[in-house]
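Knowing the structure of chain A, use the given hints to seat chain B on it.
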Amino acid sequence: MSNHYITAAEHLPDEETTETTLQITDAETKRIFEARVRIAREPDDLTDPRPLRVVTGPHENVSEERYVELIDEIDSLGIDDDLLRRLASEQETTSNIVNTRSDDLKVVLRYLVESEQYDSTAEALRKIAFQYLAENRSDLLEAYEDVRTEFEADPLRRALAGDE
Amino acid sequence: MVTDSFREYLQLLEDADDLVSISELVSWDLEASAVTTLANRNDGEVPIFESVEETAIDAALVGDPYRGPQCRPWEFLARSFGLPDVRSGTAYYEAVVDRLRSPREPRVVDRDSAACKEAVHVGTEVDLLSIPWPYIHQGDGGRYSNLHTVVAPDPETQWGHWSNHRMMLHDDALASLLFLAGEQVPNRYYYEYEPRDEPMPVAVVIGAEPAVQCSTEMWIPTGRSEAAFAGGLKEDPVDLVPCETSDLFVPATAELVIEGRVLPNERLDEGPFGDYFGYMNGPRRSMPVLAVDAITHRPEPRVPFCVEGTGVGYGQNSSSTLQTAAAGPDATLGLQAAGFDVSLAVPWRFTSRTVWVIATDRPYPGYLHELANFIFTTWGMLHIDFFVFVDADVDPLNPRAVLTAIALESDPDADFHQFGVERMPKVPLNIYQTPDEKGSADVGTSKAKTAKAYIDATTDRPTANGSEDEALRARAQEVLVDAGLSPESFDLLGDEGGESE
Numbered sequence: 035m036s037n038h039y040i041t042a043a044e045h046l047p048d049e050e051t052t053e054t055t056l057q058i059t060d061a062e063t064k065r066i067f068e069a070r071v072r073i074a075r076e077p078d079d080l081t082d083p084r085p086l087r088v089v090t091g092p093h094e095n096v097s098e099e100r101y102v103e104l105i106d107e108i109d110s111l112g113i114d115d116d117l118l119r120r121l122a123s124e125q126e127t128t129s130n131i132v133n134t135r136s137d138d139l140k141v142v143l144r145y146l147v148e149s150e151q152y153d154s155t156a157e158a159l160r161k162i163a164f165q166y167l168a169e170n171r172s173d174l175l176e177a178y179e180d181v182r183t184e185f186e187a188d189p190l191r192r193a194l195a196g197d198e
Numbered sequence: 002m003v004t005d006s007f008r009e010y011l012q013l014l015e016d017a018d019d020l021v022s023i024s025e026l027v028s029w030d031l032e033a034s035a036v037t038t039l040a041n042r043n044d045g046e047v048p049i050f051e052s053v054e055e056t057a058i059d060a061a062l063v064g065d066p067y068r069g070p071q072c073r074p075w076e077f078l079a080r081s082f083g084l085p086d087v088r089s090g091t092a093y094y095e096a097v098v099d100r101l102r103s104p105r106e107p108r109v110v111d112r113d114s115a116a117c118k119e120a121v122h123v124g125t126e127v128d129l130l131s132i133p134w135p136y137i138h139q140g141d142g143g144r145y146s147n148l149h150t151v152v153a154p155d156p157e158t159q160w161g162h163w164s165n166h167r168m169m170l171h172d173d174a175l176a177s178l179l180f181l182a183g184e185q186v187p188n189r190y191y192y193e194y195e196p197r198d199e200p201m202p203v204a205v206v207i208g209a210e211p212a213v214q215c216s217t218e219m220w221i222p223t224g225r226s227e228a229a230f231a232g233g234l235k236e237d238p239v240d241l242v243p244c245e246t247s248d249l250f251v252p253a254t255a256e257l258v259i260e261g262r263v264l265p266n267e268r269l270d271e272g273p274f275g276d277y278f279g280y281m282n283g284p285r286r287s288m289p290v291l292a293v294d295a296i297t298h299r300p301e302p303r304v305p306f307c308v309e310g311t312g313v314g315y316g317q318n319s320s321s322t323l324q325t326a327a328a329g330p331d332a333t334l335g336l337q338a339a340g341f342d343v344s345l346a347v348p349w350r351f352t353s354r355t356v357w358v359i360a361t362d363r364p365y366p367g368y369l370h371e372l373a374n375f376i377f378t379t380w381g382m383l384h385i386d387f388f389v390f391v392d393a394d395v396d397p398l399n400p401r402a403v404l405t406a407i408a409l410e411s412d413p414d415a416d417f418h419q420f421g422v423e424r425m426p427k428v429p430l431n432i433y434q435t436p437d438e439k440g441s442a443d444v445g446t447s448k449a450k451t452a453k454a455y456i457d458a459t460t461d462r463p464t465a466n467g468s469e470d471e472a473l474r475a476r477a478q479e480v481l482v483d484a485g486l487s488p489e490s491f492d493l494l495g496d497e498g499g500e501s502e
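As they're listed, the protein sequences go chains A and B. Position 4 of the first sequence, counted from 1, bears residue number 38 in our numbering, the numbering being contiguous throughout. Position 24 of the second sequence, counted from 1, bears residue number 25 in our numbering, the numbering being contiguous throughout.
Be careful, since some hints might not be right.
What the hints assert, rightly or not - Per label pair, the in silico range of CB-to-CB distance:
(1) A:Asp114 - B:Val123: 14 to 24 Å
(2) B:Gly340 - A:Ala187: 10 to 20 Å
(3) A:Asp138 - B:Val123: 36 to 46 Å
(4) A:Glu124 - B:Glu32: 51 to 61 Å
(5) A:Asp114 - B:Ile407: 56 to 66 Å
(6) A:Leu117 - B:Ser103: 49 to 59 Å
As the list claims (entries may be wrong) - A few chain A residues facing chain B, derived, Cβ under 8 Å:
(7) Arg65
(8) Pro92
(9) Lys161
As the list claims (entries may be wrong) - Facing chain A, from chain B, some residues (calculated, C-beta under 8 Å):
(10) Ala92
(11) Asp172
(12) Pro273
Since the hints were derived computationally from the structure, they do not count as laboratory data. A virtual CB, placed ideally from N, CA and C, is assigned to each residue, including glycine.
So that you can see chain B by itself, here it is in the shape it has in the complex:
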């Protein structure tokens, strides 16, 4: 079964006892995120908080719904895409890459049949604070929505561009959006709309179906549409419906849609926020302002949120899982399509977006440098600090295999490579740079610069043929017999039986 809505996805989790419904009153103010944090750390069920606060819109909060099991983060999403038999990470990647090779254009449905239009609030009826947004970390600058899809105009596709930019709620009609220049939608705002003194229409889609949320996390080449890749992912077109107040289209089965305009030449504070590195990140920055024009939603909408910072180390959360289960397969396909001999590209599970492991052949000298350069100058420039390259037969989803490759194959003198010094862009969310190094906090663009690096943990030895392998095994058996083991259990010993010369 393939799920076509966030609500169906939650039902899928509930049917497998992977979701726990909490009916007791839970506060949006740190309590919902604290419970979710414990679930994330302990591999517990996904919590849905049915009774949060009596607000005009009777919404439930869902804590990190996309977080998968720690041993197989992709498992819940595999189930939602109708891939229940996929057990290994490698098999999941292969299945998803295969589906992404066949995008399907979305289908526009009538607004009367769109679940997200069951309640419509426009004009003076709009009240952002009628939704019990969570206050996620002590020290956050405000209440946040941080697990959603921002739909923005894209002249190259009528379906718009989908991406995720966290949103800090200010009052009943205004929010600030984390728009870091260098990313596609912020660039469109900073370099096209704002210079024209024109507001940019956007829609923030909350509680979209899993395929939509996954494609939001992907880096889709210019001219292609995330909506089509979401359709490919579930082998069925995504249903879209027009917005009430703009020409944008939004996923029809979404739980909640906030329509509005990003105003030109207006800024509001954004942050601090406990970010994916697991630390509070500040100070506040001036970011573009979302003025809300309409709110549409299903009855009793389910509002997902992510406790950022709990996806590092052994814990998982929605964003770390989406990186592994969506961004990874997408990157694998992208690198293969660009002509690289990559078998798997995987975000290192314990560091969220900072480190990636790439299993690849190395067909010619300089190839790894070329591959790293390609990623750092395209989709990986802001978040990724370094790569670990391993042989194509090493499973990058297996931490033990990757560490073994680093330990055995990486020569500290020759295999640790750095790209320049302080030349490459970096999101200012990192904690290793001072505010001065990150640049002015008053502007909406990232001034942070740092170096990038990669570790070559591929083997430098020529591939052993069968006879060399056998000679090596025979020599190992001789050594073991010399050390005192019985020769009876070995099959490659010569007549001398392993005795020392």
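So here's chain A without its partners, still in its complex pose:
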């Protein structure tokens, strides 16, 4: 992996320094991949800036330099919507309890509750988990939001699913 990346102007978000999912090319290996990134015109606006060549024009032979900060690499094909739909569908008829066993986690969560930062260990775990996912896997949450919207907007499908 090199320290220099390439992308096309058409892939850039409208707002600068917005966190976004971007297809970028490693300038050295020419490997092409998607990543959660932040982009800026000045390196000082990012904590770990790398040069980003943004190509544009009919034949992409015009370019300008910007800076990119890689947050997290994403699988090239993004989120598996079918898997997400299946899990969402199964969730309609199963318990919504999430179980985990950890003495350490329980101590930490109880600390957060007894120091009155959260009302319950369940609430603490829920909020912390969603906060982490929003920061690190926002693509997954966005995809799930779409699936949920789709489910809620389709009562007929839900009714038919109940007959299966």
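Just chain B now, with coordinates in the frame of chain A:
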């Protein structure tokens, strides 16, 4: 001797000092293509880069292995088909057309005897980047494989359909394929597999034997198989072997085979790429995604590539040579089989696929229009812009003869014909249309439209009989004597000895 593998073909070149082996470390990043470009321009030996990069698969790159000599582009392929005595282009065309008239069905061999199965990687062992794919032009969107055979399902033949669609490598398991709607395999994907939400199995065969690579460049009628025509070309069946992960068959002696699925409703960037016109062509377009399931190969596979853009002008490369040496004879046979009085159909050597020269009789008025229309509405619609029609006794492989025919026989008023305006499809790889004229770059289909044209450079005069010819020669001799030449060297002067009246 007929070569049965790409490796035998390379040996044939080496034995004749037409191949140079480069053992020094050469980078896949522009350096291998730069060396190949120089060889293509200067008619040099075909370069094989033995030491490219230390990757999991110890492959060598071969730069434009099918490029023939500039004066006789067909020569190396003629040698590989056991036609070493064929010197003229016309003789080569006649020999190849003759062989294509007798297709031979392929032979299925056991996988244990298939050279392409000597190493097999499936599942988590698959790593596309374990091969040192070349980065060919500055400004390309990625590293490419662009000299290969894509094998795709064909319900009309069990051997599948063979064609060439360039492949841009993305990561260890994904690539994008240039699928332009209008071509057979892309149509099967866009109009059959994708609407069914079904992945289309394909195999990308790299370093196939010359007969396979040639038949990949041919336009084979629906229901017939490229595999059978490849067998006809070398007068021996092509050996095929089943894929590891699909029902497709691939040439058994290939250097490297990439098996995978073209996923429905998925797109990745493809391009820009320095294309055959000799210019960078962009912008990137969204193209179907190849998800790789298996890689099989020979030990130390030889991976051929083509420096596209170096086959225009006087230079030759693999694709320009394959057009001349494979697509041309195939088109000649196809037009003859369709009932046209064509003696040779040849891609104009300096323009790759854009202009073709067709030597033909013209048995009735309107015949040339009919012939052009036939080609533009069948195999020639996407790439060919115009034809030059010349008389059957003009050699279309001889540029001087063709230009002479255009200069002498084409009346600018009556012999330049155009088919409509902006009605006919055109690959978006051309550089004369703006991105808007080419249509949306977001879709996987070509929206480019343009007119098509042809130049009638056939003679309009009735064929001269012997006496008219002689009278013309006698008159020419009189003029020359009048101009001051000695009458002694002429044989048709009358008693007056050419003196002016």
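Worksheet entry | Pairwise beta carbon distance, glutamate 124 of chain A to glutamate 32 of chain B, judged against the given window 51 to 61 Å | Since the Cβ atoms of glutamate 124 of chain A and glutamate 32 of chain B sit about 54 Å apart, the hinted range of 51 to 61 Å holds.
Item to complete: With respect to the beta-carbon atoms only, verify the hint that aspartate 114 of chain A and isoleucine 407 of chain B lie 56 to 66 Å apart.
Response: holds, 59 Å
Fill in: Agreement of hint arginine 65 of chain A with chain B interface, Cβ distance less than 8 Å
It holds, given that the least Cβ distance between arginine 65 of chain A and chain B is near 6 Å, below 8 Å.
Practice prompt. Classify the hint on alanine 92 of chain B as holds or violated, based on whether any CB of chain A lies nearer than 8 Å to its CB.
Written response: violated, 42 Å
Discussion item. For the restraint on proline 92 of chain A, tell me whether the closest CB of chain B is nearer than 8 Å.
Written reply: Hint on proline 92 of chain A: holds, closest Cβ of chain B at ~5 Å, below 8 Å.
Worksheet item: Would you say the C-beta atoms of leucine 117 of chain A and serine 103 of chain B sit inside 49 to 59 Å of each other?
Response: holds, 53 Å
Worksheet item: Any CB of chain B closer than 8 Å to the CB of lysine 161 of chain A?
Response: At 35 Å from the nearest chain B Cβ, lysine 161 of chain A fails the 8 Å test, so the hint is violated.
Item to complete: Starting from the range 10 to 20 Å, see whether the pair glycine 340 of chain B and alanine 187 of chain A falls in it by beta-carbon distance.
Response: violated, 60 Å
Item to complete: Using the beta carbons of aspartate 138 of chain A and valine 123 of chain B, state whether their distance is inside 36 to 46 Å or not.
Response: holds, 41 Å
Item to complete: With 14 to 24 Å as the target window, see if aspartate 114 of chain A and valine 123 of chain B comply at their CB atoms.
Response: holds, 21 Å
Item to complete: Using 8 Å as the Cβ threshold, decide whether aspartate 172 of chain B counts as touching chain A.
Response: holds, 6 Å
Discussion item. For the restraint on proline 273 of chain B, tell me whether the closest CB of chain A is nearer than 8 Å.
Written reply: holds, 5 Å
The structure shown violates the earlier hints numbered 2, 9, 10.
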